[in-house]
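Residue numbers (our numbering), protein chains in the order written: chain R, 1 to 653; chain C, 1 to 194; chain G, 1 to 99.
Treat the hints with caution; some may be incorrect.
[To be verified] Only pairs whose alpha carbons sit at most 30 angstroms apart, straight line, appear in this in silico DSSO-like list of lysine-lysine:
(1) C:Lys118 / R:Lys618
(2) C:Lys89 / G:Lys10
(3) R:Lys618 / C:Lys89
(4) R:Lys550 / G:Lys73
[What the hints assert, rightly or not] Selected chain C positions facing chain R (Cβ under 10 angstroms, derived; list incomplete):
(5) Pro11
(6) Leu19
(7) Phe31
(8) Gly33
(9) Leu35
(10) Pro48
(11) Asn80
(12) Asn84
(13) Gln87
(14) Asn125
(15) Phe127
(16) Ser128
(17) Val147
(18) Ala151
(19) Gln157
If you are wondering where the hints come from, they were derived from the structure by calculation, not from laboratory data.
The beta carbon of each residue, even a glycine, is placed where N, CA and C say it ideally should be.
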Amino acid sequence: MTKIIQPNKQSNIFKRPSSETGIWSWITTVDHKRIGIMYGYAAFFFLLVGGIEALLLRIQLASPDNNFLSAAEYNAMFTMHGTTMIFLAIMPISAAFFNYLLPLQIGARDVAFPRLNALSFWIFIFGGVFLYSTFLFGTAGAPEGGYLAEEVSRLGSAPNGGWFGYQPNAGMKYSPGTAMDYWAIGLQILGIASLVSAFNFITTILNMRTKGMRFMRMPVFTWMTFAVSFLLAFSLPIIAIALFYVTFDRQFGTTFFLTEGGGDPILWQHLFWLFGHPEVYILILPAFGIVSEVLPTFSRKPLFGYPAIVFAGFGIAFIGFGVWAHHMFASAISPVAQAGFGLSTMVIAVPTGVKIFNWLGTIWGGKLSMKTPMLFSLGFIGMFLIGGLSGVTHAIVPADTQQTDTYYVVAHFHYVLFGGAMFGIFSGLYYWFPKVWGKMYNETLGKIHFWLMMIGFNLTFGPMHWLGLQGQVRRTWVYAEETNLAFWNLIVSIGAFIIALSILVFMANWIYSRRKGPEAGFDPWDARTIEWSIPSPTPVWNFSKAPEVKSLDDFWHMKYDEDEEGRPVKRDTTDALLLELEEEGLNPKEDIELPNPSYFPIILASGLPFLGYAVIYKSLPLAIVGVLLILIGSFGWGTEPLEEEFTEDTENE
Amino acid sequence: MSDSHSYPHEPTGVETRKLGMWVFLSTEILFFGTLITTFMIFKGRDFPGIKLSDVYDIPFTSVSSFVLLMSSLTMVLAHNALENGDQEKTRVWLLSTAMLGAVFLAGQIYEFTEFYHKGFVLSSNIFSSTFYVLTGFHGLHVFIGVVLLIALWSIGQRQNGLSLDGGMNLEFVALYWHFVDIVWIVLFTVVYLI
Amino acid sequence: MSVDHKPHPKPVQYVQIALVLGVLTAIEVALYYTEDVVGVFTDPLLIILAVGKFVIVVGWFMHLRFEDSLINKFFTGGMILALILFAIVMFERAAANFI
Numbered sequence: 001m002t003k004i005i006q007p008n009k010q011s012n013i014f015k016r017p018s019s020e021t022g023i024w025s026w027i028t029t030v031d032h033k034r035i036g037i038m039y040g041y042a043a044f045f046f047l048l049v050g051g052i053e054a055l056l057l058r059i060q061l062a063s064p065d066n067n068f069l070s071a072a073e074y075n076a077m078f079t080m081h082g083t084t085m086i087f088l089a090i091m092p093i094s095a096a097f098f099n100y101l102l103p104l105q106i107g108a109r110d111v112a113f114p115r116l117n118a119l120s121f122w123i124f125i126f127g128g129v130f131l132y133s134t135f136l137f138g139t140a141g142a143p144e145g146g147y148l149a150e151e152v153s154r155l156g157s158a159p160n161g162g163w164f165g166y167q168p169n170a171g172m173k174y175s176p177g178t179a180m181d182y183w184a185i186g187l188q189i190l191g192i193a194s195l196v197s198a199f200n201f202i203t204t205i206l207n208m209r210t211k212g213m214r215f216m217r218m219p220v221f222t223w224m225t226f227a228v229s230f231l232l233a234f235s236l237p238i239i240a241i242a243l244f245y246v247t248f249d250r251q252f253g254t255t256f257f258l259t260e261g262g263g264d265p266i267l268w269q270h271l272f273w274l275f276g277h278p279e280v281y282i283l284i285l286p287a288f289g290i291v292s293e294v295l296p297t298f299s300r301k302p303l304f305g306y307p308a309i310v311f312a313g314f315g316i317a318f319i320g321f322g323v324w325a326h327h328m329f330a331s332a333i334s335p336v337a338q339a340g341f342g343l344s345t346m347v348i349a350v351p352t353g354v355k356i357f358n359w360l361g362t363i364w365g366g367k368l369s370m371k372t373p374m375l376f377s378l379g380f381i382g383m384f385l386i387g388g389l390s391g392v393t394h395a396i397v398p399a400d401t402q403q404t405d406t407y408y409v410v411a412h413f414h415y416v417l418f419g420g421a422m423f424g425i426f427s428g429l430y431y432w433f434p435k436v437w438g439k440m441y442n443e444t445l446g447k448i449h450f451w452l453m454m455i456g457f458n459l460t461f462g463p464m465h466w467l468g469l470q471g472q473v474r475r476t477w478v479y480a481e482e483t484n485l486a487f488w489n490l491i492v493s494i495g496a497f498i499i500a501l502s503i504l505v506f507m508a509n510w511i512y513s514r515r516k517g518p519e520a521g522f523d524p525w526d527a528r529t530i531e532w533s534i535p536s537p538t539p540v541w542n543f544s545k546a547p548e549v550k551s552l553d554d555f556w557h558m559k560y561d562e563d564e565e566g567r568p569v570k571r572d573t574t575d576a577l578l579l580e581l582e583e584e585g586l587n588p589k590e591d592i593e594l595p596n597p598s599y600f601p602i603i604l605a606s607g608l609p610f611l612g613y614a615v616i617y618k619s620l621p622l623a624i625v626g627v628l629l630i631l632i633g634s635f636g637w638g639t640e641p642l643e644e645e646f647t648e649d650t651e652n653e
Numbered sequence: 001m002s003d004s005h006s007y008p009h010e011p012t013g014v015e016t017r018k019l020g021m022w023v024f025l026s027t028e029i030l031f032f033g034t035l036i037t038t039f040m041i042f043k044g045r046d047f048p049g050i051k052l053s054d055v056y057d058i059p060f061t062s063v064s065s066f067v068l069l070m071s072s073l074t075m076v077l078a079h080n081a082l083e084n085g086d087q088e089k090t091r092v093w094l095l096s097t098a099m100l101g102a103v104f105l106a107g108q109i110y111e112f113t114e115f116y117h118k119g120f121v122l123s124s125n126i127f128s129s130t131f132y133v134l135t136g137f138h139g140l141h142v143f144i145g146v147v148l149l150i151a152l153w154s155i156g157q158r159q160n161g162l163s164l165d166g167g168m169n170l171e172f173v174a175l176y177w178h179f180v181d182i183v184w185i186v187l188f189t190v191v192y193l194i
Numbered sequence: 001m002s003v004d005h006k007p008h009p010k011p012v013q014y015v016q017i018a019l020v021l022g023v024l025t026a027i028e029v030a031l032y033y034t035e036d037v038v039g040v041f042t043d044p045l046l047i048i049l050a051v052g053k054f055v056i057v058v059g060w061f062m063h064l065r066f067e068d069s070l071i072n073k074f075f076t077g078g079m080i081l082a083l084i085l086f087a088i089v090m091f092e093r094a095a096a097n098f099i
């Protein structure tokens with residue numbers, strides 16, 4: 001009979017949490033699936049907030065000489081839109097996928113360090129809340145005698161120095177008040193969350209793979225998680241230091257970026273982009289992974305050139321560390337650096353191109369099933385390609401000096417980040433929906449979402465290419481009638497609202513299908529990887545017993561053999577096998593050990609915003625509270641064993 | 001039959017927590033690398049005002065450096081003692097390491113106070129900014145290390161000693177401590193001597 | 001389930017290593033004072049000594065010499081990445097400031 005080990009001993013001052021339902025069970029959970037779900041909902045919430053910020057921007061720019069938003073409010077909106085979408089929406093949604101899927105794809109029970117996993121999530125939540133508390137408590141002043149001398153509204157009292165915080169503009173002299181401190185400290189806190197996740201995933205992929213799961217048998221999504229984790233691990237420390245420098249310059253009188261004290265503003269750009277460029281690969285690689293799972297499933301063909309895709313992914317990650325100064329072509333960097341980075345930026349297009357050809361090779365000759373996940377993955381290929389091509393044009397230094405700070409750049413990165421990363425993410429959300437919830441989403445609504453989004457997206461960002469080349473500058477709250485930019489700006493704004501409509505369709509589908517969707521079964525897509533061989537929704541223990549993997553796409557090969565022409569032929573044993581898997585999946589025969597839930601991750605995480613407020617408001621009491629929470633969290637954690645010790649008696653029960 | 005026996009562990013052959021610790025330390029290289037690089041970019045620049053070389057005391061710092069180096073020795077002896085099962089010796093060496101670390105920190109605090117009195121303060125200029133933030137972060141890491149060492153020592157006192165697996169582990173604290181030492185090895189040369 | 005037993009140096013060997021480290025430190029300090037005599041070789045020598053101490057502590061005290069090559073790769077990889085990236089930044093800033 002199955003026994004799931006429950007915590008039953010007092011291992012610390014407080015009894016270990018033991019509930020399985022209700023809010024406490026979510027607060028103390030260390031289960032990667034629950035953490036993934038929480039990440040997903042939180043990230044989606046921030047996606048909506050970032051989207052509203054974008055809509056406000058677009059209302060302002062829908063007509064020339066507009067004053068819907070003041071200049072101060074506009075600056076705050078574009079800064080928060082970028083910061084939110086990158087750090088609070090896309091990165092956490094990717095984290096949601098990594099968290100939920102990684103252990104399933106490698107056949108594990110959970111990640112290497114489950115409590116650390118929970119810690120990452122709670123730090124993200126507290127970091128996001130801290131950053132957004134700027135709208136309540138923050139102040140965004142204007143430099144003395146500056147252009148924006150008027151009183152700044154609540155909507156404008158947010159970070160306003162751009163998501164990239166260029167110094168000295170975002171320093172205390174030109175951005176007085178506290179808003180940019182909320183930005184610097186908020187990002188610092190969020191960075192810790194991602195860094196901790198990175199160690200966890202690297203260690204998990206190395207050490208928690210099931211029997212037979214050799215590296216070259218891992219799904220591509222797992223490989224991309226691996227690459228992203230390396231990028232995070234090695235780039236986040238750099239921005240952490242850079243953000244400390246910003247905070248110290250603003251709060252403690254240092255002069256890292258202030259020429260008056262001998263500092264160098266370009267240093268900020270180097271340090272920021274040393275992180276910032278790997279960051280954009282962090283944003284796109286998960287989508288590469290998702291698409292590499294969806295295309296083969298919906299083409300009923302194996303991924304074309306699996307080793308090439310894996311190595312190209314790592315090639316992109318590695319070269320991605322060597323292109324950062326292409327964000328600085330228009331700053332005062334030396335010509336040798338410009339030439340070198342222009343070259344490396346062109347080189348990085350090569351492994352990306354390899355992947356695109358391999359994806360095309362995957363669908364070529366396949367039996368295509370045009371369900372919503374497939375539509376989004378195909379859309380991804382097209383939109384990412386366009387974004388990648390405009391990116392290559394940036395690599396040419398003289399051309400880039402024309403494009404810099406215009407809407408052409410805005411077009412480029414939205415094609416790769418929205419048309420690329422978001423489309424990939426939507427593809428994944430639909431694809432794994434049945435696995436997570438055990439129900440199927442509504443296909444018609446899914447298609448409506450896709451087409452509305454395709455149209456809206458291209459209407460919004462397509463015209464930005466020529467608007468930019470015609471001279472519309474970025475980060476500027478208003479444009480004059482005489483510039484003749486009005487017509488296409490209006491189209492762009494209409495497109496933005498069509499995107500918003502498509503998101504509403506998505507949300508309606510999600511809510512409806514979770515409640516009333518038809519039962520999905522554990523392999524609705526006839527898929528290839530082992531997460532589809534267990535029940536839907538995923539049982540809390542994942543696999544009833546450790547799977548033994550014999551090849552790449554192991555689940556597919558269990559179901560199908562190949563005829564002489566390489567076409568899949570269903571085995572005679574398949575139907576019986578599927579029934580057996582289902583029965584076994586729901587009724588494990590062995591005792592199962594699960595990591596115990598814990599209070600301490602959330603306690604530890606809660607100390608960080610206190611430290612943040614303490615720095616901004618120079619409050620010793622707040623600092624003490626923060627340090628105490630961190631100490632209590634750490635010591636509680638350190639003295640709390642993860643698995644209760646087995647005694648001879650319990651083993652023989 | 002307990003599940004932990006049938007579920008595969010550690011296909012790499014490296015213990016999971018040890019692997020995690022080394023990955024963490026590899027990232028710390030980037031952390032301190034950034035701090036050191038910033039220091040080196042500005043060192044020697046032609047900018048008016050007080051410099052570190054106006055105020056430092058090489059003999060004093062040399063003694064401090066030696067103290068920290070020796071704490072690595074006591075740390076490794078503590079680990080060695082635990083491997084041989086000698087709980088009491090382990091605690092002695094752990095405490096010695098913590099004390100040497102504390103002496104180092106005291107030396108840093110004394111140095112910084114002297115510099116402060118001589119007018120080399122955090123907000124003086126870029127030279128002081130880079131110096132204090134770099135050595136300050138290192139000092140913070142030493143402080144955290146001392147706290148970890150004392151925590152280990154006190155755990156060793158309360159329960160029936162420390163074990164080589166499970167819970168807060170001496171081997172990983174040792175790795176962290178040595179890392180803090182090697183950062184200083186680089187710092188001492190780059191900041192003071194060159 | 002105990003820690004894998006790779007070959008460990010014995011305590012007396014650790015003390016010997018510590019003595020070597022002490023001597024290297026003494027040489028470093030001496031170099032600082034004899035800069036006029038040693039001249040242009042001072043800085044390179046100081047760097048070599050620092051690298052030497054670094055390698056000794058990492059290799060023997062942190063045990064990297066005896067560890068799995070996987071761990072070696074992480075640490076060395078991180079070092080190489082850091083060295084390359086920061087060398088580029090320092091070079092670029094130096095070049096830009098020279099103009």
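Going through the hints against the structure:
no.: 1; hint: C:Lys118 / R:Lys618; verdict: 26 angstroms, holds
no.: 2; hint: C:Lys89 / G:Lys10; verdict: 15 angstroms, holds
no.: 3; hint: R:Lys618 / C:Lys89; verdict: 44 angstroms, violated
no.: 4; hint: R:Lys550 / G:Lys73; verdict: 28 angstroms, holds
no.: 5; hint: Pro11; verdict: 5 angstroms, holds
no.: 6; hint: Leu19; verdict: 5 angstroms, holds
no.: 7; hint: Phe31; verdict: 4 angstroms, holds
no.: 8; hint: Gly33; verdict: 8 angstroms, holds
no.: 9; hint: Leu35; verdict: 6 angstroms, holds
no.: 10; hint: Pro48; verdict: 8 angstroms, holds
no.: 11; hint: Asn80; verdict: 23 angstroms, violated
no.: 12; hint: Asn84; verdict: 24 angstroms, violated
no.: 13; hint: Gln87; verdict: 18 angstroms, violated
no.: 14; hint: Asn125; verdict: 5 angstroms, holds
no.: 15; hint: Phe127; verdict: 7 angstroms, holds
no.: 16; hint: Ser128; verdict: 8 angstroms, holds
no.: 17; hint: Val147; verdict: 9 angstroms, holds
no.: 18; hint: Ala151; verdict: 7 angstroms, holds
no.: 19; hint: Gln157; verdict: 13 angstroms, violated
The structure is inconsistent with the numbered hints 3, 11, 12, 13 and 19, although it conforms to all the rest.
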